[in-house]
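Asker: Spelled out from the first residue to the last, the chains are:
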Amino acid sequence: MNPNPALASQAAPSAGWRAWLRRLVLFTLLWWVLSGGDASGWMVGAPFVVLASWLSLELWTSYRLSLVGVLRFLPWFAVQSVAGATDVARRAFDPRLPLRPGLVRHRLRLPSGVCRVSLANIVTMLPGTLSADLVDDELVIHTLDIGRDLHAMVEDLEPRIAGVFGLRFDDLPQPEAPR
Amino acid sequence: MTGIELLSTFFLLAGAGFFFAGTVGLLRFPDVFSRLHALTKGDNVGLGLTVLGLALRADSPAVIGKLLLIWLLVLLAGATASHLIARSSLRRGIEPWRAP
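Residue numbers (our numbering), protein chains in the order written: chain U, 1 to 179; chain L, 180 to 279.
If you're looking for bench data, these hints aren't it; they were derived computationally from the structure. Take the hints with a grain of salt, since some may be wrong.
Restraint ranges, calculated between C-beta atoms of paired labels, are given here [stated by the list, open to error]:
{"id": "1", "chain 1": "U", "residue 1": "Ala83", "chain 2": "L", "residue 2": "Leu263", "range": "20 to 30 Å"}
{"id": "2", "chain 1": "U", "residue 1": "Pro95", "chain 2": "L", "residue 2": "Asp210", "range": "39 to 49 Å"}
{"id": "3", "chain 1": "L", "residue 1": "Arg277", "chain 2": "U", "residue 2": "Asp171", "range": "35 to 45 Å"}
{"id": "4", "chain 1": "U", "residue 1": "Glu138", "chain 2": "L", "residue 2": "Arg236", "range": "37 to 47 Å"}
{"id": "5", "chain 1": "L", "residue 1": "Arg277", "chain 2": "U", "residue 2": "Trp60", "range": "34 to 44 Å"}
{"id": "6", "chain 1": "L", "residue 1": "Thr202", "chain 2": "U", "residue 2": "Met43", "range": "22 to 32 Å"}
{"id": "7", "chain 1": "U", "residue 1": "Leu67", "chain 2": "L", "residue 2": "Thr188", "range": "31 to 41 Å"}
The beta-carbon is built from N, C-alpha and C at its ideal position, and this holds for glycine as well.
Given the sequences, and given the hints that come with them, work out the whole structure.
Answerer: This is the structure:
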């Protein structure tokens with residue numbers, strides 16, 4: 001069903017105990033946060049932690065987040081977010097309004113689904129770029145500065161997103177020839 | 180005022196500054212696409228710094244977790260809404276503004 005060796009190992013038909021453990025820890029943490037650390041809430045919380053873990057395993061087993069990938073990604077994303085917001089603030093306050101907008105289309109190598117959607121959402125937070133459409137493997141980016149090389153920017157971003165989902169980017173198939 | 184409170188105040192004011200910049204962008208930028216740039220990026224960092232400033236004053240780790248969760252959900256909602264607005268604008272044939 002899935003010809004891509006990098007992805008085959010991710011699509012487990014039934015959840016193992018490790019997957020269960022990860023979800024249980026995640027939802028226990030979530031309940032703890034939502035209940036404000038109040039111990040009396042666990043009578044209600046515990047059954048729903050189990051229920052939520054089961055439901056999330058039924059609904060989402062295709063990819064799992066890699067903790068190392070997330071920890072590597074977050075500092076980079078924080079710096080890029082501040083750079084993006086500073087850049088747009090500088091343009092907004094500049095009396096000359098320095099904008100050279102345009103559209104760029106880029107073919108993605110990341111697999112469809114949550115990987116591509118995450119990439120599209122993150123592109124919006126990076127300096128000068130906004131994801132404007134996603135059709136199959138083609139991402140349409142609106143940019144505030146058409147002079148920049150956005151293909152290089154996305155090609156730098158893709159391995160980082162792959163790392164967040166525990167994929168090895170080099171194993172992913174090459175994109176088809178540009179239209 | 181202790182050092183932590185001073186730092187917290189700095190983050191809160193900086194966050195407000197980014198929200199302000201996003202609003203100025205919304206008013207000044209020429210078309211729907213560039214306005215979305217200003218709003219999404221300004222809100223991401225504006226709320227991020229606000230959350231950071233409040234986290235420094237939080238009473239318990241659970242409160243910090245809740246603040247981070249709020250930031251994450253707002254980020255997700257903002258990016259998704261912005262993508263949908265940009266997409267429907269493109270598909271309706273709205274041409275992005277170009278520098279003259």
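Asker: Do the Cβ positions of Arg277/L and Trp60/U conform to the proposed distance bound of 34 to 44 Å?
Answerer: At roughly 41 Å between Cβ atoms, Trp60/U and Arg277/L fall inside 34 to 44 Å, so the hint holds.
Asker: Could you say whether the range 22 to 32 Å given as a hint is met by the Cβ separation of Thr202/L and Met43/U?
Answerer: 46 Å, violated
Asker: Does the Cβ distance between Glu138/U and Arg236/L fall inside 37 to 47 Å?
Answerer: 45 Å, holds
Asker: Given the hint of 39 to 49 Å, check if Pro95/U and Asp210/L actually sit that far apart at their C-beta atoms.
Answerer: For Asp210/L against Pro95/U, whose Cβ atoms are near 19 Å apart, the range 39 to 49 Å is violated.
Asker: Do the Cβ positions of Ala83/U and Leu263/L conform to the proposed distance bound of 20 to 30 Å?
Answerer: 25 Å, holds
Asker: Starting from the range 31 to 41 Å, see whether the pair Leu67/U and Thr188/L falls in it by beta-carbon distance.
Answerer: Cβ of Leu67/U to Cβ of Thr188/L: about 33 Å, so the range 31 to 41 Å holds.
Asker: Starting from the range 35 to 45 Å, see whether the pair Arg277/L and Asp171/U falls in it by beta-carbon distance.
Answerer: At 40 Å between Cβs, range holds.
Violated hints, in rising order: 2, 6; the structure is consistent with all others.
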